[in-house]
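Enquirer: So the protein lines, in turn, are chains A and E. When you number the first sequence by the numbering used here, it's gap-free, plus one each residue, and the end is 374. When you number the second sequence by the numbering used here, it's gap-free, plus one each residue, and the end is 290.
Derived from the structure by calculation, the hints contain no laboratory data. Think of the CB as a built atom: it goes at the ideal place given N, C-alpha and C, for glycine as much as any other residue. Just so you know, not all the hints are guaranteed correct.
[As the list claims (entries may be wrong)] Straight-line distance between alpha carbons at most 25 Å, and here's what the computed BS3-like set of lysine-lysine pairs gives:
| no. | chain 1 | residue 1 | chain 2 | residue 2 |
| --- | --- | --- | --- | --- |
| 1 | E | Lys89 | A | Lys21 |
| 2 | E | Lys27 | E | Lys89 |
| 3 | A | Lys331 | E | Lys157 |
| 4 | A | Lys331 | A | Lys10 |
| 5 | E | Lys170 | A | Lys10 |
| 6 | E | Lys170 | E | Lys157 |
| 7 | A | Lys21 | A | Lys331 |
| 8 | A | Lys10 | A | Lys21 |
[Said to hold, decoys possible] Which chain E residues stay away from chain A? Per the calculated CB distances, all over 10 Å, these:
| no. | residue |
| --- | --- |
| 9 | Thr17 |
| 10 | Leu26 |
| 11 | Val43 |
| 12 | Asn79 |
| 13 | His146 |
| 14 | Gly152 |
| 15 | Leu177 |
| 16 | Tyr182 |
| 17 | Phe192 |
| 18 | Pro218 |
| 19 | Gly227 |
| 20 | Pro232 |
| 21 | Val250 |
| 22 | Arg275 |
| 23 | His282 |
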Amino acid sequence: MYVAVKGGEKAIANAHALLAKRGQGSADAPRIDYPQVQNQMGVLVSRVMAEGSLYDPELAAKALLQSQGDVLEAVTLLRSYRTTLPRFGITVAVDTVGLPAERRVSATFKDIPGGQQLGATFDYTHRLLAEELETPEVATSDAQVDEPMPRVTDLLGADALIERDRPEEGWTDPDPSDLTREPTVFPMSRAERLQALSRGDEGFLLSLGYSTQRGFGNNHPFAGEVRVGEVEVEFFAPELGHAIPIGRIELTECQMVNQFVGSAEQAPQFTRGYGLVFGRAERKAMSMSLVDRTLRHQEFGERIVSPAQDEEFVIAHSDNVEAAGFVEHLKLPHYVDFQAELGLIRSLRREFQSRQNSAEAPSASTDTRIEENA
Amino acid sequence: MSGPRIVYNEGYLDELTKRVVRRALLKGVAIPGFQVPFASREVPMPRGWGTGGVQVTASVIGPLDTLKVIDQGADDTTNAVSIRAFFEKVAGASSTTRTYEATIIQTRHRIPETPLAENQIVVYQVPIPEPLRFLEPRETETRRLHALEEYGLMYVKLYEDIARYGHIAKTYDYPVLVNNRYVMAPSPIPSFDNPKMHQSSALQLFGAGREKRIYAIPPYTDVESLGFDDFPFEPQRFEQPCEICESIEVYLDEVFIDDQGGVMFVCSDTDHCERTLTARDHDRITEVNA
């Protein structure tokens with residue numbers, strides 16, 4: 001009886017031991033090591049890094065093993081580690097034009113400077129479940145592409161067919177506020193929103209992006225460009241007086257070209273939606289750019305008619321560490337609150353019963369009473 | 001690379017983060033009941049499991065402190081055990097289950113039965129810090145309502161309860177007016193505990209990790225549970241005493257004791273129950289010996 005709520009300490013220790021055992025599977029099964037996960041489950045590692053907001057394939061692979069493949073647990077592990085790291089400063093904005101794209105496709109133009117490059121993609125594969133995995137030889141490309149790859153949106157921008165990506169000449173990019181270090185209050189700046197979306201849950205953003213394609217916040221998107229590749233990260237070192245490269249990270253970028261707007265004073269232009277995610281994450285980058293554009297309704301004076309346009313709804317619920325934690329906290333004991341509710345419902349029922357009884361006593365017509373209440 | 005890659009700071013949070021939290025706490029103390037936004041960090045337990053309370057405790061705890069952690073009033077419920085174990089691991093503070101020994105009491109859903117003292121801090125774990133949230137889901141809107149001291153929505157809700165049920169149908173997280181200015185969510189403590197917040201000798205700190213808000217009630221502050229002249233606030237009461245320690249006027253858990261629907265009512269505050277029982281047994285022994 002009362003012992004039911006006792007013994008928490010021992011129960012926890014036993015549960016952890018059991019969990020570790022489940023993680024190993026059968027006792028003679030060989031353990032997967034983290035380099036195997038890092039190398040052979042690259043897309044999964046990307047997702048954990050993106051939503052965990054920490055570019056570290058090794059730690060992401062370790063987190064996935066520790067969490068027994070529970071992605072949201074792995075994300076939580078990485079976040080709880082990341083948050084204890086000191087922040088030294090802000091890197092120079094990465095240059096995705098200079099990024100030698102491993103993959104680059106545009107749905108808006110057949111031929112683009114720098115060419116289209118399919119790269120490593122699941123697109124056009126037949127989704128037939130295979131017994132064994134094969135690794136065919138990859139043909140070495142005969143000519144190394146040295147041609148620069150300007151962004152498709154920059155090509156459109158040259159003719160002012162698309163809105164500028166910065167307000168005006170002479171504008172300097174302000175240091176973005178850091179969502180993880182400064183309190184965020186609504187309404188957010190676009191830079192803050194993009195940070196939140198970039199670490200937001202892939203599934204949630206996918207569904208929201210999808211909803212905008214189905215009439216809940218229509219924004220007529222075209223995939224102007226999707227590119228994937230490694231980019232150099234530079235850090236401005238004040239002691240040296242110049243920026244120094246500190247490493248390379250793999251990124252997926254999506255530039256969505258959207259419905260145009262115009263006014264009496266301004267010629268019609270296409271508008272932009274932007275997505276940028278760690279690693280190989282096209283679905284996420286595309287969803288992010290759809291949602292980014294949808295959330296910019298205020299800039300274009302669009303009417304709010306759908307959930308994906310609602311900044312507080314989207315941003316406050318996009319973080320899967322927060323969402324998973326709060327949903328799962330319902331497993332925690334709620335005896336006290338439930339007891340309070342029990343007390344109230346019992347007294348309400350008693351009062352109801354005594355009202356019923358006193359109504360019945362003078363043999364009033366209960367039938368009409370019920371009808372009146374209906 | 002040599003040496004371990006993964007190293008944590010004393011008290012888990014880095015020093016700069018503790019400073020951020022302390023600043024928010026100071027602002028909260030200066031404006032009782034006002035929700036201060038802070039850049040809530042991840043901590044190694046899930047959101048909604050006390051991450052706000054953990055950050056507040058981590059920022060105020062020192063090596064000389066004695067920590068007590070309760071969940072549902074009990075020291076030995078699993079999440080309380082887990083949080084206490086976390087601080088034993090990452091901070092040098094000692095821990096206790098005795099309310100009067102603790103300098104910091106982190107709590108979920110209860111205020112201890114033992115009256116609190118001036119040298120004590122109560123840290124509440126808060127799931128939804130905004131008392132108006134279920135009346136108005138938008139942060140931008142509720143912020144304005146607080147700024148204008150516009151609490152009509154809340155009073156209408158309470159009035160509608162009375163019209164529908166003959167009572168204010170709010171049994172926990174019962175809204176309070178702090179220092180005659182801000183309407184505040186006391187976290188899901190039962191309304192039974194609300195009167196303990198009023199003019200408390202202890203400093204009361206509230207941390208909502210997922211919602212990124214901190215608020216506070218300094219010692220000896222007026223905390224009034226909302227009500228009407230003709231329908232004043234009435235805290236819940238229990239008619240029976242605890243069936244273990246025989247305390248009256250305490251909050252009780254209803255515990256099933258068989259599969260026939262038999263129940264017994266026992267103290268929710270395990271420390272209070274143990275101490276009362278020990279003291280009573282001691283008295284009995286003294287009586288017998290006398």
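Enquirer: If a hint holds in the structure, say so; if it doesn't, say that too.
Expert: Now the hints, each set against the structure:
{"no.": "1", "hint": "E:Lys89 <-> A:Lys21", "result": "holds (23 Å)"}
{"no.": "2", "hint": "E:Lys27 <-> E:Lys89", "result": "violated (30 Å)"}
{"no.": "3", "hint": "A:Lys331 <-> E:Lys157", "result": "violated (29 Å)"}
{"no.": "4", "hint": "A:Lys331 <-> A:Lys10", "result": "holds (18 Å)"}
{"no.": "5", "hint": "E:Lys170 <-> A:Lys10", "result": "violated (36 Å)"}
{"no.": "6", "hint": "E:Lys170 <-> E:Lys157", "result": "holds (10 Å)"}
{"no.": "7", "hint": "A:Lys21 <-> A:Lys331", "result": "holds (22 Å)"}
{"no.": "8", "hint": "A:Lys10 <-> A:Lys21", "result": "holds (17 Å)"}
{"no.": "9", "hint": "Thr17", "result": "violated (8 Å)"}
{"no.": "10", "hint": "Leu26", "result": "holds (15 Å)"}
{"no.": "11", "hint": "Val43", "result": "violated (6 Å)"}
{"no.": "12", "hint": "Asn79", "result": "violated (5 Å)"}
{"no.": "13", "hint": "His146", "result": "holds (13 Å)"}
{"no.": "14", "hint": "Gly152", "result": "holds (22 Å)"}
{"no.": "15", "hint": "Leu177", "result": "holds (20 Å)"}
{"no.": "16", "hint": "Tyr182", "result": "holds (17 Å)"}
{"no.": "17", "hint": "Phe192", "result": "violated (7 Å)"}
{"no.": "18", "hint": "Pro218", "result": "holds (22 Å)"}
{"no.": "19", "hint": "Gly227", "result": "holds (16 Å)"}
{"no.": "20", "hint": "Pro232", "result": "holds (17 Å)"}
{"no.": "21", "hint": "Val250", "result": "holds (12 Å)"}
{"no.": "22", "hint": "Arg275", "result": "holds (16 Å)"}
{"no.": "23", "hint": "His282", "result": "holds (21 Å)"}
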